[in-house]
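Could you put together the complete structure from these sequences and hints?
According to numbering that gives the first Met the number 0, the sequence shown is numbered sequentially starting from 0.
Don't read these hints as lab results, they were simulated from the structure. Note that the structure is a prediction, hence the values are computed from the model and not measured. All residues carry an ideal CB built from backbone N, CA and C; glycine is no exception. Be aware that a few hints might be false.
[As the list claims (entries may be wrong)] Capping the alpha-carbon separation at 25 Å, the derived lysine-lysine pairs in BS3-like fashion look like this:
no.: 1; residue 1: LYS77; residue 2: LYS141
no.: 2; residue 1: LYS95; residue 2: LYS139
no.: 3; residue 1: LYS66; residue 2: LYS106
no.: 4; residue 1: LYS66; residue 2: LYS112
no.: 5; residue 1: LYS95; residue 2: LYS81
no.: 6; residue 1: LYS77; residue 2: LYS111
no.: 7; residue 1: LYS108; residue 2: LYS62
no.: 8; residue 1: LYS77; residue 2: LYS108
no.: 9; residue 1: LYS32; residue 2: LYS1
no.: 10; residue 1: LYS112; residue 2: LYS57
no.: 11; residue 1: LYS5; residue 2: LYS47
no.: 12; residue 1: LYS103; residue 2: LYS139
no.: 13; residue 1: LYS121; residue 2: LYS108
no.: 14; residue 1: LYS62; residue 2: LYS1
no.: 15; residue 1: LYS131; residue 2: LYS112
no.: 16; residue 1: LYS106; residue 2: LYS141
no.: 17; residue 1: LYS47; residue 2: LYS62
[Unchecked claim] FRET-style restraints, in silico, Cβ to Cβ:
no.: 18; residue 1: SER48; residue 2: LYS139; range: 36 to 46 Å
no.: 19; residue 1: GLN104; residue 2: GLN50; range: 38 to 48 Å
no.: 20; residue 1: LYS77; residue 2: ASP134; range: 26 to 36 Å
no.: 21; residue 1: GLU58; residue 2: SER91; range: 18 to 28 Å
no.: 22; residue 1: ALA119; residue 2: PRO31; range: 48 to 58 Å
no.: 23; residue 1: LYS95; residue 2: LYS1; range: 46 to 56 Å
no.: 24; residue 1: SER91; residue 2: GLN50; range: 36 to 46 Å
no.: 25; residue 1: GLU58; residue 2: MET0; range: 16 to 26 Å
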Amino acid sequence: MKVILKEDIKGVGKKDQIINANDGYARNYLFPKNLAVPADKGNLTNLKSKQTSEEHRKELERKSAKKTAKEIEEITLKLQVKSGENGKVFGSITAKEIAENLEKQYKIKVDKKKIILQEAIKVLGTFQIEIKLYDGVIGKLKVQVLGE
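The following block contains the structure:
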């Protein structure tokens, strides 16, 4: 019997996958626990429309991420920090501070977890930082650290 899974089931399949299940397994386990529905015409149509809308949503997110990446690449984020005589910063600049300042100065909201920093910035200067906005879309932000 062909069924459409409503949830991921270990050893059986992933959500929205069409599988062949034994009749007894489907009727006695999958259907009563609401883990699957029969793969009839109506349910297959619902699954198709759900997948189409999901693809459309992902495409919109990708386009939005590409637009944000272009905006990010055109700006230089300037950060004022206290520093010593030899150009060392008191403390360090983290991804969290970069995200907060990007939102304050340019109204671009980026999750701090998406900012790729090998290590925190501890010296004055200009740095190129990558921000992973979406799967396959990476924006390069120029950060200029200025001393007070």
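For each hint, the structure was consulted:
1. For the given pair, LYS77 sits about 9 Å from LYS141 by alpha-carbon distance, which is consistent with the 25 Å threshold.
2. This hinted pair checks out: LYS95 and LYS139 have alpha carbons roughly 16 Å apart, not beyond 25 Å.
3. Taken as a hint, the LYS66 and LYS106 pair is honoured in the structure, with Cα atoms around 14 Å apart against an allowance of 25 Å.
4. A distance of roughly 19 Å separates the Cα atoms of LYS66 and LYS112; the hinted pair therefore holds under the 25 Å criterion.
5. Simply put, LYS95 and LYS81 have alpha-carbon atoms about 17 Å apart, close enough for the 25 Å limit, and the pair holds.
6. Between the alpha carbons of LYS77 and LYS111 the distance comes to roughly 17 Å, so the proposed pair stays at or under 25 Å and holds.
7. Restraint check for LYS108 and LYS62: the C-alpha separation of about 16 Å stays at or below 25 Å, so the hint holds.
8. Only pairs whose Cα atoms come within 25 Å are accepted, and LYS77 paired with LYS108 is accepted, the gap being roughly 16 Å.
9. Proposed proximity of LYS32 and LYS1 is supported: the alpha carbons are some 17 Å apart, at most 25 Å.
10. Pair hint LYS112 plus LYS57 holds up; C-alpha atoms about 20 Å apart against a cutoff of 25 Å.
11. Between LYS5 and LYS47 the alpha-carbon distance is near 14 Å, which keeps this suggested pair within the 25 Å criterion.
12. Distance hint between LYS103 and LYS139 is fulfilled; the C-alpha atoms sit about 18 Å from each other, no more than 25 Å.
13. Proximity of LYS121 to LYS108 is assessed by CA-CA distance (about 24 Å); at most 25 Å being required, the pair is judged to hold.
14. With a CA separation close to 36 Å, the supplied pair LYS62 and LYS1 exceeds the 25 Å bound.
15. Restraint check for LYS131 and LYS112: the C-alpha separation of about 9 Å stays at or below 25 Å, so the hint holds.
16. Of the pairs offered as hints, the one joining LYS106 and LYS141 holds, with about 16 Å between alpha carbons and a cut-off of 25 Å not exceeded.
17. Restraint check: the Cα-Cα separation between LYS47 and LYS62 comes to about 23 Å, which is no more than 25 Å; the hinted pair holds.
18. Against the hinted window of 36 to 46 Å, the Cβ-Cβ separation of SER48 and LYS139 comes to about 38 Å, which satisfies the hint.
19. As the Cβ distance of GLN104 to GLN50 is approximately 40 Å, the hint placing it in 38 to 48 Å holds.
20. Range check, LYS77 to ASP134: Cβ separation about 30 Å, and the 26 to 36 Å hint holds.
21. Between GLU58 and SER91 the Cβ separation comes to about 38 Å, which falls outside the hinted range of 18 to 28 Å.
22. The hinted range of 48 to 58 Å is satisfied by ALA119 and PRO31, whose Cβ atoms lie roughly 53 Å apart.
23. One distance hint, 46 to 56 Å for the beta-carbon pair LYS95 and LYS1, holds here, with the actual separation near 49 Å.
24. Range check, SER91 to GLN50: Cβ separation about 45 Å, and the 36 to 46 Å hint holds.
25. Taking the beta carbon of each, GLU58 and MET0 are about 34 Å apart, not inside 16 to 26 Å as hinted.
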